[in-house]
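Single-letter residue listing:
Number of protein chains: 2
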Amino acid sequence: MTIQAMARAAKQTSILLAAQTTRAKDAALKRIAEALRSHKQVLVQANQKDLAAAEANQLAAPLLKRLKFDAGKIEEVCLGLESLIQLRDPTGQTLSFTELDQGLELYKVTCPIGVIGVIFESRPDALVQISSLCLKSGNAVMLKGGSEAALTNRLLVDIISQASQEAGIPVGWIQLLETREDVAEILNLDDTIDLIIPRGSNEFVKYIMDNTNIAVLGHADGICHVFVDAEADLDMAVAIAVDSKCQYVAVCNAAETLLVDRAIAPEFLPRVKGALEARGAEIRGCPETCKLIAAAPATDRDWATEYLDMILSIKVVAGLAEAIDFINQYGSGHTDAIVTQNPDKAAQFMNTVDTGNAFWNCSTRFSDGFRYGLGAEVGVSTNKIHARGPVGLEGLVIYKWKLIGHGQTVAQYSGPEARTFTHKHNHKDCPL
Amino acid sequence: MTIQAMARAAKQTSILLAAQTTRAKDAALKRIAEALRSHKQVLVQANQKDLAAAEANQLAAPLLKRLKFDAGKIEEVCLGLESLIQLRDPTGQTLSFTELDQGLELYKVTCPIGVIGVIFESRPDALVQISSLCLKSGNAVMLKGGSEAALTNRLLVDIISQASQEAGIPVGWIQLLETREDVAEILNLDDTIDLIIPRGSNEFVKYIMDNTNIAVLGHADGICHVFVDAEADLDMAVAIAVDSKCQYVAVCNAAETLLVDRAIAPEFLPRVKGALEARGAEIRGCPETCKLIAAAPATDRDWATEYLDMILSIKVVAGLAEAIDFINQYGSGHTDAIVTQNPDKAAQFMNTVDTGNAFWNCSTRFSDGFRYGLGAEVGVSTNKIHARGPVGLEGLVIYKWKLIGHGQTVAQYSGPEARTFTHKHNHKDCPL
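Protein chains in written order, with this note's numbering: chain A, 76 to 507; chain B, 76 to 507.
Hints are not guaranteed to be accurate.
No copy labels: a pair is met if it fits in one copy or bridges any two.
[Unchecked claim] Taking lysine-lysine and the DSS-like style, the derived pairs with C-alpha atoms no more than 30 Å apart in a straight line are:
| no. | residue 1 | residue 2 |
| --- | --- | --- |
| 1 | K499 | K183 |
| 2 | K183 | K503 |
| 3 | K124 | K366 |
| 4 | K366 | K499 |
| 5 | K105 | K148 |
| 6 | K140 | K366 |
| 7 | K105 | K140 |
| 8 | K281 | K183 |
| 9 | K503 | K148 |
| 10 | K105 | K115 |
| 11 | K105 | K499 |
Because the hints were derived from the structure by calculation, they are not lab data.
Based on the provided sequences and hints, a complete structural model is requested.
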């Protein structure tokens with residue numbers, strides 16, 4: 076099958092998928108979990124072949140770790156499927172109701188987006204997660220995984236496709252792409268694919284964003300800031316700075332830069348330095364920071380770098396306004412926190428820092444779908460349309476307007492004897 | 076100023092605009108209406124110069140009509156500004172609240188998107204409408220109007236900019252681009268411009284959509300369908316078909332194709348033909364239609380054409396399933412209606428036709444922001460992310476997550492003595 080033909084098949088199935096009941100979709104998710112468990116052995120075997128080939132190709136150790144799909148990982152994705160079943164179906168929710176006139180009722184109702192393109196690197200568990208999120212939300216999915224995982228991915232898609240078909244889901248909703256050329260091709264399919272979700276390194280996501288007209292849900296950088304205001308509780312500020320940087324460094328919501336108000340810098344910097352260094356963090360400071368504490372000098376490049384490592388850059392600023400400007404210049408719109416006891420300053424920070432997640436007196440590390448209670452995380456978005464910050468299942472739906480009448484024509488609402496619209500808003504679920 | 080510098084200025088002002096109060100923004104809208112009224116004479120003079128140049132350049136009559144900005148049009152846009160003041164501010168609305176733990180509260184709050192690029196053709200009133208919608212929603216705007224309206228547009232932007240500044244709105248939120256090269260340049264500014272709204276012909280919108288990575292809110296085609304089911308009330312079906320086609324033909328929500336169930340075609344087609352021809356509509360039919368009534372033969376091209384004219388193509392179909400497939404193949408996802416007395420068929424149609432507006436027993440012409448009671452229409456979107464169908468002010472906002480704590484760290488929620496998240500959902504407005 077050509078990529079175009081696969082995309083058309085996905086599109087056609089997406090239409091049928093939109094009419095599946097919650098019960099049918101959940102039954103399919105259950106069947107998929109059963110099938111993955113019963114195929115555990117062949118899955119591990121396929122993955123071992125992928126791993127052996129990857130080792131022969133001298134793949135780096137962290138990549139090998141991500142590629143590994145063992146019994147534990149299989150059980151983990153199955154538990155994920157079972158908790159997904161418990162979540163509310165994001166489709167079919169009435170967002171608003173307006174009576175336009177007696178017997179002419181307008182409903183805004185959530186529905187699947189259509190066809191989601193997902194491009195991910197080596198982790199086979201990502202394939203199961205994202206395809207199950209698509210199924211729950213009624214979307215068809217075209218997947219492109221890392222070529223290192225080719226055998227594992229092919230088997231996974233066969234199992235998922237077969238199991239969902241057995242549960243009555245129309246065939247064709249999940250399509251696997253296999254070559255790098257396939258990716259370039261789907262990036263051009265803006266007539267068929269409605270949304271692309273890339274998962275992987277910053278460079279990888281940035282490449283996808285720069286090379287398609289299709290909407291992309293994701294984030295390239297996570298350059299997060301903590302600003303310690305002059306009116307901060309300094310013990311709290313130390314704890315938040317340390318947690319934001321050190322609690323787990325390899326993730327997008329870890330802080331990379333600490334901004335410190337000049338007024339409290341002489342007192343605060345030595346304290347935070349001690350706490351950070353006790354956790355093994357390296358400090359890179361602006362000239363003013365380096366005068367107050369011993370630190371390596373930071374360059375302009377540091378302010379724009381997501382270290383994903385035990386390194387924190389520190390800059391002394393004149394106050395709130397400079398902190399906001401700095402974050403708006405260097406931040407990536409992911410997560411930025413202020414530590415202050417002054418609610419007015421907190422409000423100004425939260426309203427004018429252009430970020431998906433604006434935090435007051437807590438760690439940037441809270442920025443996450445699980446901690447937010449979203450139930451399932453589709454991804455983290457630094458987009459400014461559709462969905463922003465941690466995105467749950469609601470990021471995979473859009474809405475349609477459903478208007479139910481009894482033969483009304485617009486001609487009746489124009490001219491000298493025109494009927495007038497009532498435009499009454501109530502809570503009422505769409506009956507269809 | 077270079078386009079890049081203008082875009083940076085717009086971006087910087089957008090940050091300040093996000094912190095403006097509803098009162099300040101509404102006061103500015105009021106001041107703009109006053110200024111437009113008091114500059115009526117110079118505006119008309121500038122427009123007359125544009126008109127004279129356009130006539131000398133032999134611009135077509137419909138374009139001249141759209142270019143005209145006389146005292147009546149000025150009063151109309153001022154009334155529009157005054158009704159915009161009455162609308163609720165779309166920003167600062169709390170969409171959801173979650174208590175993550177005692178004293179750790181998460182709010183999802185609407186906020187402006189940032190910088191909107193608007194590209195429109197000759198109508199100067201569009202400039203006032205869209206820039207005022209952007210101001211109300213707290214967005215900066217970069218505008219590119221038709222070159223025929225250069226003098227009118229320049230004066231309008233000066234007046235709007237000056238009046239809003241007098242009302243205390245930071246300068247720089249409205250920027251005018253003047254050359255065709257400027258358009259090509261802003262289409263590349265995906266780092267600065269967050270959303271593009273093109274207004275104009277199908278070809279024009281399609282060109283914009285195909286030539287930018289920035290999200291586009293709009294619609295190229297409006298190929299709308301009416302399907303008359305075997306179980307339709309045929310009097311109702313005639314009235315809806317006639318209204319959908321003939322009530323106003325030059326608009327995107329007018330029907331272009333009528334699908335008729337084979338079972339009722341022999342009875343229905345002669346009746347609808349009579350009613351359509353009485354209104355001056357020309358019919359182009361599929362072979363089966365042409366056997367039942369006298370009509371010009373339709374080609375495949377007809378099914379994919381937005382006539383915007385008194386022409387309707389008619390196709391006989393085997394039933395609901397074929398109608399749905401046909402619409403999903405040829406429709407543009409704008410507005411599609413079914414006429415039937417059978418609620419199950421209506422539900423199947425509304426849930427599986429992939430369209431922004433799915434109608435049951437009413438005219439496609441209802442698909443419109445005013446009729447929907449949106450208050451103001453930003454545009455009609457055939458996108459499948461962010462906003463769909465008629466889009467009101469809410470299409471110009473996104474949300475940010477605001478998390479308010481008292482020094483919480485993620486470390487407290489991990490390890491053997493981990494606190495657990497409460498994830499309680501309530502209705503509570505964000506205090507900041």
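- Query: Okay, which hints does this one fail, numbers in order?
  - Reply: Hints 3, 4, 6 and 9 contradicted; others consistent.
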